[in-house]
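Engineer: One-letter residues, chain by chain:
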Amino acid sequence: MKIAVLVKEVPDSYGERRLSLTTGLADRSASDPVLDEITSRAVEAAVSYAESSEDVEVALVTMGPESAEAMLRKTLAMGADSAHHVIDPELAGSDMTLSAEVLAAVLQRIECDLIIAGDVSSDGSGGVIPTMIAERMGIAHATSLDTLEITESTVTGQRATYGGTVTVQAQLPAVVSLTERHPGPRFPGFKGIMAAKKKPLETYALADLGIDPAADVPRSIMLAVSESPPRSAGEKIVDEGDAGTKLADYLIEKKLV
Amino acid sequence: MTEQNILAFLPVLPSGELVGSAAELLGAAALIGTPVGVLVTAPGKAQRAAESAGHYGATAVFVVEDDTVSSTLTAPAADALVTAGRAVGAEAVLIPDDVDGRDIAARLSVRTQSAIATDVVGVHRDDEGVVAHHSVYGSMFTTESAPTHGSLIITLREGSVENRAPGVDPKIRRLDLGELPSQSAAIIEFSPSAEASTRPDLRGADTVVAGGRGLGSVEGFALAEELADALGAGLGASRAAVDAGYAPNSLQVGQTGVTVSPELYIALGISGAVQHQAGMQTAKTVIAINKDPEAPIFDIADLGIVGDVFEVVPQLIETLKAKSS
Ligand SMILES: Cc1cc2nc3c(=O)[nH]c(=O)nc-3n(C[C@H](O)[C@H](O)[C@H](O)COP(=O)(O)OP(=O)(O)OC[C@H]3O[C@@H](n4cnc5c(N)ncnc54)[C@H](O)[C@@H]3O)c2cc1C
Chain X
1080 MKIAVLVKEV
1090 PDSYGERRLS
1100 LTTGLADRSA
1110 SDPVLDEITS
1120 RAVEAAVSYA
1130 ESSEDVEVAL
1140 VTMGPESAEA
1150 MLRKTLAMGA
1160 DSAHHVIDPE
1170 LAGSDMTLSA
1180 EVLAAVLQRI
1190 ECDLIIAGDV
1200 SSDGSGGVIP
1210 TMIAERMGIA
1220 HATSLDTLEI
1230 TESTVTGQRA
1240 TYGGTVTVQA
1250 QLPAVVSLTE
1260 RHPGPRFPGF
1270 KGIMAAKKKP
1280 LETYALADLG
1290 IDPAADVPRS
1300 IMLAVSESPP
1310 RSAGEKIVDE
1320 GDAGTKLADY
1330 LIEKKLV
Chain Y
23 MTEQNILAFL
33 PVLPSGELVG
43 SAAELLGAAA
53 LIGTPVGVLV
63 TAPGKAQRAA
73 ESAGHYGATA
83 VFVVEDDTVS
93 STLTAPAADA
103 LVTAGRAVGA
113 EAVLIPDDVD
123 GRDIAARLSV
133 RTQSAIATDV
143 VGVHRDDEGV
153 VAHHSVYGSM
163 FTTESAPTHG
173 SLIITLREGS
183 VENRAPGVDP
193 KIRRLDLGEL
203 PSQSAAIIEF
213 SPSAEASTRP
223 DLRGADTVVA
233 GGRGLGSVEG
243 FALAEELADA
253 LGAGLGASRA
263 AVDAGYAPNS
273 LQVGQTGVTV
283 SPELYIALGI
293 SGAVQHQAGM
303 QTAKTVIAIN
313 KDPEAPIFDI
323 ADLGIVGDVF
333 EVVPQLIETL
343 KAKSS
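These protein sequence lines map, in sequence, to chains X and Y. Number 1310 in this note's numbering belongs to position 231 of the first sequence; there are no gaps in the numbering. Number 270 in this note's numbering belongs to position 248 of the second sequence; there are no gaps in the numbering.
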């Protein structure tokens, strides 16, 4: 079985994240790029399944700028076997339609049985790319899974729905995405880091995938960007045994209760 | 002038009741055109929901009642929206930004070759058509987007649009599903949530009380619940509290949980990590109670109390009780 994991480099949410007020694009100088935490959980799920089964190969797939290569090497050290990186200046600021087209095209090429992604990225907060890929590839999706069970021919998991939880099951090939309820990534050992240096990492430009970013299809474009004023600290009191009463008075005075 | 029809996908509970976001989706649709609802339910379950859709402003409601709705993931809803969209020439489709909604929007966008705007917090119309508003990086930036051409598929963040449409008597139009793609995932089991809570929904509540890891245990977290009930507030939690099992996933506030902007947000035993702030910093008034005077939550609190929640909160509840009687 071949599993592809979609990984993404994002601005570190512990740092300052900024949009450029002139281009509306992420300001890459504002904070360091990191592997999106949710995609690290997807890698962990794939690698731990590979460890427990025979003949499972794990390929990482990303679309991103040059800096993503270092992220791929680090992630390979967790135990994935190969990496595929789409890198093209025309992809800066791509909308979700183009991103899904690009990722589906690489995934077609590498011929995988199962695609695992994070449910929602921490920068774009879209949460639609995995299912858009499934629609483009003509395969099933089972997204936002809180649990995941993989067999040779199916994937099964639970997810939230209106008024409850459902268990969903798809035949492979399929795309799944995982929520934060999945375990975080392992720390790569020294052996993993050394091995990662020699693992295959292939790069693709849009032309290699036969994709024309200027094709006349409907796209989403950004019209305006503005920055919200930051919030500031108000009053701080130390409890001297009467803070509960003081807080009650505050709420009543401000008509908040 | 052509009619500007805006479709709103209105989820229905297994009981046949409309999901709470319906009023908001139709209210948002009314801001940019004529709201048209689309309902997809198991056989015999649509009537009541269709009537409520009219009550919330749907001038017409497309109804699909089909067995596959409870056994096939996403495909019935996506198919219904494709057909309804064609029938009325929809200029935009509004879908809730949640687990089911995002899948439906994704399939619909690719199938109809339409641009997609996700996690949208507002809409308006300009000379060229529909514009979507986004709140980015934990509400630090606001952006606007629009499609270059064609209709726009929108997933709407719940609790972000206040407009409500006046009630009407809707035209109900029944639709049949086409042949569904064979490669859809199957729904093999549904388990209803344990008894629906009587508290206001976190996303729409005027007041939110949220508890963190500082509450220490499931029993400790009950203090947040008690305060929420005393204030008639919605209940939220930090990710650490959810991870520790004090509260269900659906209550997580923050970057990877729910974003709220209530009048009043009370954080109990929450340190205020940047990812938590991302989900609540647009609240009008923030109150934080934390033992650690250096906790980052105090940087954004209008009133910060350095103290033990287990002393401050019971006293607060007692005082409020005494003053209200
Ligand atoms: C990609 C990513 C996404 C994330 N998304 C989210 C998200 O959506 N939501 C979220 O909340 N977090 C999120 N986090 C996690 C976040 O970084 C923090 O780890 C988390 O918010 C901490 O939760 P907490 O404040 O409850 O716990 P802690 O940071 O452990 O804080 C507990 C606080 O309780 C106080 N305390 C302890 N006992 C008492 C007492 N008796 N009385 C008063 N105070 C007391 C302590 O002083 C401390 O400040 C995310 C992290 C990452 C990397």
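Derived by calculation from the structure, the hints in this document are not laboratory data. One thing to keep in mind: the hints can contain errors.
Far from chain X by the CB rule (all over 12 Å, computed), these chain Y residues [claimed, not checked]:
| hint | residue |
| --- | --- |
| 1 | 220 |
| 2 | 226 |
| 3 | 241 |
| 4 | 244 |
Just a few of them, taken from the derived set where beta-carbon distance is under 10 Å, the chain Y residues facing chain X [what the hints assert, rightly or not]:
| hint | residue |
| --- | --- |
| 5 | 100 |
| 6 | 174 |
| 7 | 188 |
| 8 | 209 |
Source: prediction; values computed, not measured. From the three backbone atoms N, C-alpha and C, an ideal C-beta is built for every residue, glycine too.
Engineer: Evaluate each hint against the coordinates.
Structural biologist: Comparing the hints with the structure gives:
1. Look at residue 220/Y: its CB is around 15 Å from the nearest CB on chain X, clear of 12 Å, so calling it non-interface holds up.
2. Listed as outside the interface, residue 226/Y is consistent with that label: its C-beta sits roughly 16 Å from the nearest C-beta of chain X, beyond the 12 Å cut-off.
3. At roughly 20 Å, the least C-beta separation between residue 241/Y and chain X is larger than 12 Å, which holds for a residue marked as non-interface.
4. Under the 12 Å C-beta cut-off, the non-interface status given to residue 244/Y relative to chain X holds; the minimum distance is some 17 Å.
5. A cut of 10 Å between beta carbons decides the hint on residue 100/Y: the least distance to chain X is about 9 Å, and the hint holds.
6. Because the closest C-beta pair between residue 174/Y and chain X is about 8 Å apart, less than 10 Å, the hint holds.
7. Taken as an interface hint, residue 188/Y does not check out: its beta carbon lies about 26 Å from the nearest beta carbon of chain X, beyond 10 Å.
8. Hint status for residue 209/Y: holds, given a least beta-carbon distance of 5 Å to chain X, under 10 Å.
Comparing the model with each numbered hint stated earlier shows that hint 7 is the single one that does not hold.
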